[in-house]
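Model the full structure from these sequences, guided by the hints.
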Amino acid sequence: MSGVTPSVATESERHPVDAALAARLAAIVGDRRVLFRPGELLAYSSDGLPGYLKQPSIAVFPGTRDEVIAVVRELARAGAPFVPRGAGTGLSGGALADGVVLLGLNRLSRILSIDAENAIAVVEPGVVNVALSRAVSAHGLHYAPDPSSQAACTIGGNVAENAGGPHCLKYGVTLNHVVALTVALPNGEVVTLGNAAGENDGYDLVGAFVGSEGCFGVALDVTVRLARNPQAVRTLLADFHSIDAGARAVSAIIASGLLPAALEMMDAGTIRAVEASIYAAGYPTDAAAVLLVELDGPIAGLDADVATVVRHCRDAGARDVRVARDEAERTKLWQGRKKAFGAMGRISSHLVVQDAVVPRTKLPQMLARVHDIAERYRVTVCNVFHAGDGNLHPNIGYDANDPDESARVHAAMREIMQACVDAGGTITGEHGVGIDKLPYMGAIFSEESLSAMCALREVFDPDRRANPGKVVPMHSCREWQMAPAARTGQH
Amino acid sequence: MAPASLAELRESIRDAIARRCPLRVVSRGSWLDANRPVHADTRLEVGAYAGIVEYEPGDLTLTARAGTTLHEIARATSANGQWLALDPLGDPSRATLGATIATGSYGPLAHHFGTPRDMTLGVEFVSGTGDVVRGGGRVVKNVAGFDLTRLVTGAWGSLGVLTEATVRLRALPSVEATLLIDIGSATAELERARTALRGLPFVPLAVQLVDAAARQALGVAGGRDAFIVRLGGNEEAVRAQREQLRGIGEAHDVDTEIWRRARVAEPAGAAVVRLSRLPSRFAATWQDAERIAERWPGGQLHGDPGRGVVRVVLPVDGNVLDASLRAALEIPFDGTRIYERLPRALWPALAPTAMHGAIDRGVKAAFDPHYLLNPGIFGELQ
Ligand SMILES: Cc1cc2nc3c(=O)[nH]c(=O)nc-3n(C[C@H](O)[C@H](O)[C@@H](O)COP(=O)(O)OP(=O)(O)OC[C@H]3O[C@@H](n4cnc5c(N)ncnc54)[C@H](O)[C@@H]3O)c2cc1C
Ligand SMILES: Cc1cc2nc3c(=O)[nH]c(=O)nc-3n(C[C@H](O)[C@H](O)[C@H](O)COP(=O)(O)OP(=O)(O)OC[C@H]3O[C@@H](n4cnc5c(N)ncnc54)[C@H](O)[C@@H]3O)c2cc1C
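From first to last, the protein sequence lines are chains A and B.
In terms of my numbering, the first sequence opens at residue 1 and continues consecutively.
In terms of my numbering, the second sequence opens at residue 1 and continues consecutively.
No wet-lab data here; the hints were simulated from the structure.
Computed from a predicted model, the values in this text were never measured in an experiment.
A hint or two may mislead.
What the hints assert, rightly or not - If you want the footprint, here are the derived chain B segments under chain A, 3+ residues with CB under 8 Å:
no.: 1; region: 52-62
no.: 2; region: 135-147
no.: 3; region: 270-277
no.: 4; region: 324-338
As the list claims (entries may be wrong) - For each label pair, taking beta carbons as the anchor points, the in silico distance ranges come out as:
no.: 5; chain 1: A; residue 1: V233; chain 2: B; residue 2: R344; range: 45 to 55 Å
no.: 6; chain 1: A; residue 1: A411; chain 2: B; residue 2: R242; range: 55 to 65 Å
no.: 7; chain 1: A; residue 1: D320; chain 2: B; residue 2: G199; range: 36 to 46 Å
All C-beta atoms, glycine included, are put in the ideal place defined by N, C-alpha and C.
See below:
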């Protein structure tokens, strides 16, 4: 759970910095690229998850692939745990390094090759998501997974979190777009997973690595599939006088079988925050909810689909449905959505960005539940989310320095999560488990399943040095200790 | 052994662990191990553990036990205008969901919809440690925990016995059409048509290039290679798609039944290899495949230009010498060669192993530490 009162451990509480290790790392990457003074480390003591400050012992920033490999090998020799980090925009605390080495990959930001003919690209892990789409746009291509943080987050971080985004409804999440990876295993060995040039046989290790949250090693390069730009795009804004009506429209559109490129929902609180910010998109401020619906593809037949969406919105009680007239209006409508978290963040001192998924038919009842829970705990929830996927983001702005309010916020969040699980959903659709969702893993997975996950992690990282303490609760990993002979893999 | 419940299945596996008894996992047995050298005499029959567990049409997801046939799933979903857009070879009334996911099997629809990897949302399986394990879930987006779903998809039952899976469904297109476009056999002609198909503003549901022998088997005989293209969408969309296809060559309608026929048209027991390279090299891959098929009586070819894959089907009867088959298959080829089915004796020679490194071996050892589930299926025991 996020929102623990910020605290910076005092120097004496922390592990003494391993000066010798820092020196050896500096010999690889240069003095300027190794930080170990508390003041310098402050910027790397948090990620996108509010309320935590965890200081790394050392932060090291290699600039080339060879330097990364040398650093990982040095850490292996030292037996030092480490945490890979991209842009630090993660919302589950995955890139927090608590007294261990932080390995920054943001300097590896080169696009290594673009093969427009086959619609694939090979990129270094520190390439910023949107930079890839920009680089391939001249070929009429783009990289489809588009997290709202795409202007900052890295492909390496996307791979580690199996990131999603508004357009993943139609195009699929990161998993569906990664075809091959080169990985530095925590022991320093470099392996290639997958095959960009043909099919694969054997185990789907690319599939296993995507979403492994930095626990299986460091992605050194990523081969991704690119998507062709659609011939035409239609962006619609529908507004509703109740959240329920909006949610029913979503369920109806999905049930109709239509597959919009994106289907996003924002409620009144979100709309007001956006409209009060510099990203004001022209959303109606008196609406209880708006849907942002995008349809794309060949021109032929597209407007028939638009008509179907409009009909479902109206049937559900939409007050108004308008289609963006031009690219400028489209961009503006999207800008408001993509910057919604930022807009909310301006209003409160702290913002819990929650992430859970429910079956699409359960959206109306779940949004009503969220509303009830918020009222009971006297907190204000703003919903802005990937409605077409049933991927909720109920967010609560609050003041983390007010203990009473913090307690109410956390209790409300726990209840919301439980409600999503009870509805047949899951505890995270795209932000990952990190440390934030650790307490909920037991709510959806049995001990047997959790220990199987531990076993998989141990194949990649027998010493458990890569991103220790994340994703799977430690107590579930007792089998690690029990059957070491079975895991050596030498048979 | 034919356990009827999850508890019994787990007991069977625990019992096998106690006795160190290797198991051959069998569902409906329609494709068993494609003759892969599995070293197990005891059959663990799991095909009877079947039935749809949950299907809420509005969610476009379906959860079924592993023994459920693709036909049963199609019957339930089509009643609601939906489908599991997956058409692996074999008779759908025998092919099971569990085996399809376990073998990662797919068919022509992969052109548009991808493979089991892309549509499996969650699984339940009993691992070789006798644990009941779940990965993923029943919702369409889920990143909770490490991805055990992808791990067992395509693992051929070597890590665990699938008991249940949740898959993503799609709406059936309201209009469908299938067109056949004759092309010349010259490489330049093939390359021109491939490029033109790729430049279309839409992605067809399926695109298969078939050679004369495959056309014959499908009942659309003709002397030359042809593209068979499956279109789908709303009425206006399909009308436009037809128009656009005409720009590529002379296109005429064929019965959409052809796709069903394609699933069962293959000679029983044929040796099959898939050749693949980047799609841009499809014409060259097709030529390489032709060099194999030309040298084999009754050899057939079909391929997906979008995926860069060509499937070479060589009929095999009792009189065929393994050595001559091997000679036909072993042409020099710098792409990826994946064997689907071979005479038993040829597996070790042609496809020694699908275990490529220490991680593959480690995964096997972690999930099946006693090597009891389909041991040898990935060549790991040679
Ligand atoms: C004529 C014909 C041609 C085919 N051609 C191809 C082809 O070219 N390529 C291809 O990939 N597939 C092919 N198939 C296979 C088919 O598409 C699927 O693999 C599958 O649907 C077979 O179902 P089954 O229940 O009969 O499987 P079975 O024959 O019982 O089992 C197939 C494999 O899956 C494993 N398995 C079965 N159930 C489970 C389970 N619950 N958990 C774990 N492992 C399990 C088995 O151990 C076995 O290795 C063909 C099938 C037929 C009948
Ligand atoms: C305003 C805002 C909006 C957001 N919207 C979305 C959204 O729409 N969809 C979505 O999915 N997420 C969203 N996020 C969350 C976040 O942006 C994603 O999780 C993103 O993928 C993180 O990328 P990063 O480079 O910042 O990674 P970090 O936060 O630096 O790291 C995330 C995880 O990845 C690991 N990691 C990083 N690089 C590597 C590497 N090279 N090899 C191995 N492991 C590595 C880290 O150890 C850590 O566990 C949003 C965040 C913000 C702040």
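Review point. Of the hints stated earlier, which fail here?
Key: none
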